[in-house]
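Colleague: Please construct the entire structure, taking both the sequences and the accompanying hints into account.
Read top to bottom, the protein sequences are chains A and B. Number 257 in the numbering used here belongs to position 257 of the first sequence; there are no gaps in the numbering. Plus 286 on top of the position in the second sequence (first one is 1) and you've got the numbering used here.
Among the hints, erroneous ones may be present.
As the list claims (entries may be wrong) - No more than 30 Å apart at the CA atoms, straight line, and that leaves these computed lysine-lysine pairs for DSBU-like: (1) A:Lys-79 / A:Lys-240; (2) B:Lys-516 / B:Lys-406; (3) A:Lys-79 / B:Lys-516; (4) A:Lys-4 / B:Lys-516; (5) A:Lys-202 / B:Lys-558; (6) A:Lys-79 / B:Lys-558; (7) B:Lys-558 / A:Lys-5; (8) A:Lys-4 / B:Lys-558; (9) B:Lys-402 / A:Lys-4; (10) A:Lys-240 / B:Lys-516; (11) B:Lys-516 / B:Lys-402; (12) B:Lys-402 / A:Lys-5.
As the list claims (entries may be wrong) - Residues from chain A that keep clear of chain B, each with C-beta distances beyond 10 Å, as calculated: (13) Trp-46; (14) Glu-50; (15) Pro-51; (16) Asp-61; (17) Gly-66; (18) Pro-76; (19) Ile-198; (20) Gly-203; (21) Phe-206.
Stated by the list, open to error - What follows is a set of in silico ranges between Cβ atoms, one per label pair, in the way DEER data are often shown: (22) B:Gln-440 / A:Lys-202: 45 to 53 Å; (23) A:Phe-60 / B:Pro-492: 41 to 49 Å; (24) A:Asn-230 / B:Ile-466: 35 to 43 Å; (25) A:Val-142 / B:Ser-386: 44 to 52 Å; (26) A:Thr-78 / B:Leu-325: 31 to 39 Å; (27) A:Ile-19 / B:Gln-320: 44 to 52 Å; (28) A:Ile-19 / B:Val-390: 15 to 23 Å; (29) B:Asp-449 / A:Phe-60: 37 to 45 Å; (30) A:Leu-190 / B:Asp-341: 46 to 54 Å; (31) B:Ser-411 / A:Val-142: 30 to 38 Å; (32) B:Val-445 / A:Lys-79: 41 to 49 Å; (33) B:Glu-358 / A:Gly-66: 52 to 60 Å.
These are calculated hints, taken from the structure and not from any lab test. Since we're looking at a predicted model, the values are computed, not measured. Idealized CB from N, CA, C, for every residue including glycine.
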Amino acid sequence: MFEKKLSPLQTIIMAVALIVVLFPVFWILMTAIKPPTDWNASPAIWIPSEPTFVNFQTLFDPDALGEYGVGGVSQPATKAVFGSILASVVSTALSVLIGLFSAIGISRYGNGSKLTPLIILSGRMFPPAAIAVPFVIMFSNVGLIDSYIGLIAIYVAVTTPFSTWMLKSFVDDLPREIEEAAMIDGRSKLAAHLTVTIPLIKGGLFATTMFIFILNWSEFMFALVLSYSNVSTIPVQLAKYVTATAGTLYGVQAALAVLAMAPLVIVGYLIQSHLARGMTFGAIKQ
Amino acid sequence: MSISQSLSGAPEPSKSKIGLSNGAIARIFTVPGQVVSVLVLVVPLLVALYMSFTDWSPTRGALFDASFIGFENYSELLIWDTRFTYAVIRTFLISVICLSLEFVFGLGLAVLFLRKFRGKSLLFSAFLTPMMILPVVVGYIFWMLFQSNGPINQVIEFVLGADATIQWFRSATAAIFAVIVTEVWHWTPLFFLILLSGLNAVPENPIRAAVILGANPRQVFWRVVMPMLKPVIIVAFVIRSMEIIKLFDEVFMLTRGGPGSSTETISLYIYKLAFNDFQLAYGAAAAFLVLIGSLLLVHLLLAPVRDQLLEVDR
Chain A
1 MFEKKLSPLQ TIIMAVALIV VLFPVFWILM TAIKPPTDWN ASPAIWIPSE
51 PTFVNFQTLF DPDALGEYGV GGVSQPATKA VFGSILASVV STALSVLIGL
101 FSAIGISRYG NGSKLTPLII LSGRMFPPAA IAVPFVIMFS NVGLIDSYIG
151 LIAIYVAVTT PFSTWMLKSF VDDLPREIEE AAMIDGRSKL AAHLTVTIPL
201 IKGGLFATTM FIFILNWSEF MFALVLSYSN VSTIPVQLAK YVTATAGTLY
251 GVQAALAVLA MAPLVIVGYL IQSHLARGMT FGAIKQ
Chain B
287 MSISQSLSGA PEPSKSKIGL SNGAIARIFT VPGQVVSVLV LVVPLLVALY
337 MSFTDWSPTR GALFDASFIG FENYSELLIW DTRFTYAVIR TFLISVICLS
387 LEFVFGLGLA VLFLRKFRGK SLLFSAFLTP MMILPVVVGY IFWMLFQSNG
437 PINQVIEFVL GADATIQWFR SATAAIFAVI VTEVWHWTPL FFLILLSGLN
487 AVPENPIRAA VILGANPRQV FWRVVMPMLK PVIIVAFVIR SMEIIKLFDE
537 VFMLTRGGPG SSTETISLYI YKLAFNDFQL AYGAAAAFLV LIGSLLLVHL
587 LLAPVRDQLL EVDR
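Modeller: Here it is, written out as structure tokens:
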């Protein structure tokens, strides 16, 4: 029953769904290349007549809009881009490293407690707004507020359950006998895992790393409450542009939004086949 | 499909070459992870729990100077704070509506993807695009789309053939509608992805048997395929419930909870309490109520299928 072709009605439904899915993406891309005169035109302009990259330039050089007679942004996005890259890359690396050891530990030597995944899942449910409250208090006492170290510490803590569980599902897929053979050959358990287990799950390791990067790069609320003047990330900067200049700098905001989503869409397509596993803590493989 | 696999299969205890038991190695390997979760999750939670029984706010100096007020924050929230009550009800309603729509659209699309057509893998990627975009950006995109001179009003005008200048963010109903549209657009792909991988994993023999016994395609789908899909459906719902109950980023970008507090979700309300009004202790109490509520909810959701979920394997 599953081998039939699409009926004409189904083809139409599919086409409509595709338009609905892609239109918002089309819109943000178009807005990002609109010159200032097209930004807030009424009725809205769908495809700019004179596409330009001036919005992207403005992100790094606030005066680039001068030729259009429009004041630039109050602050460039350079720091936010730098902050996003720093915080996401470092915290992703740490989270995956910690997760890798936990995953091998739980998968190969764990006591198989049925409770652990439920506890981890429950931890995920606590609203970040609530965790943020004690963090802000503790961090302001130890000088970690408005610092990348503080932000990275939170990101590592929040994403480690994800990296652990996703990596564990890859380790579980691997037959135990392969490592045991290496151990019989005389290697210690640690050496066996470093030279056998880890190379064999490198595909999964890559997918997990990319998935954790997506989570860190997307994070908004912790960055919002923990950043004042030293620290910034792209999502925070995007929110700030909306507040500071509501309705006037559409194009520049859209350019920043495109900059924020481009790496994730690329990474997302790369690990497409592992997305379900990541989103469901390894409950769904494929 | 194997929560089961990850949960079962405890190895037999044995000694390693250097004389460490498996238990010891497990502990050593998981130490960094445990340290991180204790330091960065458990400690703050305990601080927050303590705080929720005090009247602390940043103007009152050090945390331990605050006076202990017992369950006052909690009773205030549960009995008097209608804004909190409404935020809870609103988040719950938004969740139910969004998840239902995401499930229906996701399942419909997944079923279409069981058919044969050209460009399937390209279309598959295209349909996953929304879930790869960060929530803040999704909120920003839809904020633009819902502007009164934006494309959504233009399309409505085109369809109705009349002027439509709906001020989406000025009326409570319209703003909630905008939030729901945004959320459904963003996360239907996740349901699609999970349900499609579930459908692809359904074994063919029971379907063949049903067909031979004279079942029509509709009966095969509802009586044979759907029951086998149930664990996957539950997983999708549990994962999405956990996320949507924390709904914040998109609403922050779209409406900031406005107009008034008519689109305020639980997370947004706690955020405003703690970081706009600096009522940190009160916010912490609200957070704990939410945690208890969502724990109960997810365990209720899991309860009827937990055993099934733990046994189903591919």
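Colleague: Is the hinted pair B:Lys-402 and A:Lys-5 satisfied, with a Cα-Cα distance of at most 30 Å?
Modeller: 5 Å, holds
Colleague: If I claimed the Cβ atoms of B:Glu-358 and A:Gly-66 lie 52 to 60 Å apart, would that claim hold in this structure?
Modeller: 57 Å, holds
Colleague: So A:Glu-50 supposedly isn't at the interface. Is its beta-carbon more than 10 Å from every beta-carbon in chain B?
Modeller: 20 Å, holds
Colleague: Look at the Cβ atoms of A:Leu-190 and B:Asp-341 and judge whether their distance stays inside 46 to 54 Å.
Modeller: Distance hint for A:Leu-190, B:Asp-341 holds at roughly 51 Å.
Colleague: Is 44 to 52 Å right for how far apart the beta carbons of A:Val-142 and B:Ser-386 are?
Modeller: For B:Ser-386 against A:Val-142, whose Cβ atoms are near 45 Å apart, the range 44 to 52 Å holds.
Colleague: For the range 45 to 53 Å, tell me whether the beta carbons of B:Gln-440 and A:Lys-202 fit it or not.
Modeller: At roughly 49 Å between Cβ atoms, A:Lys-202 and B:Gln-440 fall inside 45 to 53 Å, so the hint holds.
Colleague: Take the C-beta atom of B:Ser-411 and the C-beta atom of A:Val-142, compute their distance, and say whether it sits inside 30 to 38 Å.
Modeller: 45 Å, violated
Colleague: Does A:Lys-4 pair with B:Lys-516 here, judged by a C-alpha cut-off of 30 Å?
Modeller: Holds, because 24 Å separates the two Cα atoms, which is no more than 30 Å.
Colleague: When you take the CB atoms of A:Ile-19 and B:Gln-320, is the distance between them in 44 to 52 Å?
Modeller: With Cβ atoms ~48 Å apart, the hint holds.
Colleague: Just to be sure I understand the hint, the distance between the Cβ atoms of A:Thr-78 and B:Leu-325 should be within 31 to 39 Å; is that true here?
Modeller: Hint holds: Cβ distance 32 Å, inside 31 to 39 Å.
Colleague: Can you confirm whether the C-alpha distance between A:Lys-79 and A:Lys-240 stays at or below 30 Å?
Modeller: Distance ~13 Å between A:Lys-79 and A:Lys-240 Cα, so the pair holds.
Colleague: Could you grab the alpha-carbon distance between A:Lys-4 and B:Lys-558 and see if it respects the 30 Å cut-off?
Modeller: 53 Å, violated
Checked against the numbered hints given earlier, the structure breaks hints 3, 5, 7, 8, 10, 13, 23 and 31 and satisfies all the rest.
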